[in-house]
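Engineer: For reference, the chains in residue letters:
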Amino acid sequence: MNSSETTAVLSASHLQLVRQHKSVLNDISLNLKAGQIITLIGPNGCGKSTLIKVLLGLEKPDSGTVTRRTGLRIGYMPQRLSLDQRMPLTVTGFLQLARGASHERIGHWLDRLSIRALAQQSVHDLSGGEWQRVLLARALLIKPDLLVLDEPVQGVDVQGQLELYRLIPQLRDELGCAVLMVSHDLHLVMAATDEVICLNGHICCSGHPDTVSLDPAYIQLFGARQQQAPIAHYTHHHDHQHCADGHVEHRAPGKDIL
Amino acid sequence: MNLFDYWWLMPLMAGILLALVAGPLGSFVVWRRMAFFGDTLAHGALLGITFGVLTDINLTLALVLGSVLLALLLLPLQNRSRLSSDTLLGIVSHSTLAIGLVTLSLAQGIRVDLMGYLFGDLLAVERIDVLWILLAAILIAVLLFWQWRALLAITVSQELAAIDGHPVQRLNLMLILLLALLVALAMKVVGILLVSALLIIPPAAARSLARTPEQMVFLASATGVISVLLGLWASFHWDTPAGPSVVVAATALFAFSLVLQSLRDSRRSA
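Just so you know, the sequences run in chain order E and A.
Sequential numbering of the first sequence, starting at 1, is according to the working numbering.
Sequential numbering of the second sequence, starting at 1, is according to the working numbering.
Hints listed in this document are in silico derivations from the structure and should not be mistaken for laboratory results.
You can trust all of the hints, since none of them are fake.
Lysine to any residue pairs mimicking SDA-like chemistry, simulated, CA-CA at most 20 Å apart:
hint, chain 1, residue 1, chain 2, residue 2
1, E, K60, A, E159
2, E, K60, A, G165
3, E, K53, E, I203
4, E, K22, E, K60
5, E, K60, A, A162
6, E, K33, E, A8
7, E, K53, A, G165
Some chain E residues near chain A, calculated using beta-carbon distances under 7 Å:
hint, residue
8, L56
9, I74
10, Y76
11, L81
12, D84
13, R86
14, M87
15, P88
16, G93
17, L97
18, R99
Which stretches of chain A does chain E cover? Using the computed rule of at least three CB atoms under 8 Å from a CB of chain E, they are:
hint, segment
19, 30-40
20, 147-158
21, 162-171
22, 210-216
From a predicted model like this one, the values you see are computed outputs, not experimental measurements.
For glycine and all other residues, C-beta sits at the position ideal for the given N, C-alpha and C.
Whole structure, please, built from the sequences with the hints as guidance.
Structural biologist: In structure tokens, the structure reads:
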């Protein structure tokens with residue numbers, strides 16, 4: 001790994017944000033390196049989406065700084081995007097509006113995400129899972145250095161969720177980009193992420209997903225419910241780490257990657 | 001040019017020019033749910049007329065200035081959707097109309113063709129009006145064409161457009177100012193009370209037949225032009241008021257598009 005890959009694509013230090021006399025973000029610092037996948041996790045209203053907006057520069061923090069690498073290309077897949085029914089738009093037409101869109105790139109990502117058949121369909125006729133893939137394709141068109149996914153599996157069935165989470169590390173390897181994800185279910189994202197940040201206004205705990213799932217702060221926040229999640233068996237795969245250059249590093253369990 | 005030519009040529013040109021640019025601008029109004037906003041601009045423009053009458057400046061200029069000023073005042077409303085903006089727009093819309101009417105009636109010794117402004121007086125359109133409309137139409141068409149993709153992008157999602165580096169606020173401002181300009185000039189043709197009909201009905205009629213935004217805009221402009229032709233023709237034949245006749249024609253075309261749509265849907269499901 002050379003030094004340019006280890007420099008942060010995005011870093012935040014001591015972010016504070018107060019909205020309507022309520023602290024939304026409290027002393028949040030994080031560092032995202034090229035090739036790294038970080039997942040933000042936390043209950044509803046914990047400030048996940050707000051933090052994403054601050055990191056993307058859509059909202060200003062009250063204090064603290066966000067540093068994006070100069071010339072950073074960001075691909076953003078929003079939590080939901082409801083298009084007005086009165087605007088007729090095909091999938092291709094929608095993708096053409098994205099920065100960096102070209103005929104070749106649109107074709108490439110339609111094929112890569114197996115949605116070529118949707119190209120000429122109206123965006124209003126898509127299922128939840130199809131629409132998510134179109135949004136993901138849109139985020140990838142820009143050839144992102146940083147891919148930001150806000151709850152990428154909302155409205156997608158469980159099979160689709162697993163497929164999408166399997167896809168994300170592959171995309172990271174193909175593009176060499178950093179990935180910042182938001183999720184509310186740790187067990188689903190375990191295999192797809194290098195580091196988990198557990199958020200509840202402040203950072204409760206962070207580290208390798210296995211570590212976080214055993215952290216008292218995490219258990220207190222989510223209770224035992226998620227401990228018995230139906231897909232909990234997914235966790236046992238995770239005794240290794242995918243490095244940016246594609247090789248797999250095995251680690252002793254519990255060792256923090258921070 | 002004989003007198004007969006003069007009479008039908010100017011209203012026709014004004015109507016067609018307005019309908020052509022109302023197609024794309026009206027489509028944005030429909031897509032961005034700004035219908036009430038357009039209404040408010042039109043109602044508030046009566047204050048512009050009052051101002052023009054009292055200060056004795058050119059009335060068309062006063063109209064344009066009035067609605068542009070109102071648009072600038074209302075711009076922040078667009079971004080604050082949590083604030084019940086339809087209520088606020090309703091208050092501004094009707095109070096400006098009422099204040100305009102009251103002030104005009106108080107202005108002593110000045111006679112203004114109030115009905116002309118409320119319902120439009122297409123047949124009274126003169127060369128100078130057509131010139132204004134032509135210049136505005138060219139400006140609107142050029143700016144919309146130049147920023148077409150960016151405007152579509154901010155309409156689809158302001159957030160994604162901002163991340164893609166589009167100057168979202170400036171584009172919003174541009175769209176609203178163009179809308180104010182069109183509303184001010186269309187007033188002479190269809191009147192304060194029917195201006196937003198000209199903006200909304202043609203795109204609504206075009207919607208069901210279009211598959212892309214560009215098709216919708218093209219069909220909306222075409223619907224608008226046909227409405228103007230039909231409305232003026234009806235106005236000449238039956239001596240009906242021209243502006244309302246144009247709106248009635250547009251509504252008939254909208255109803256026709258609904259019939260077409262249901263025919264197509266039933267064929268698809270069969």
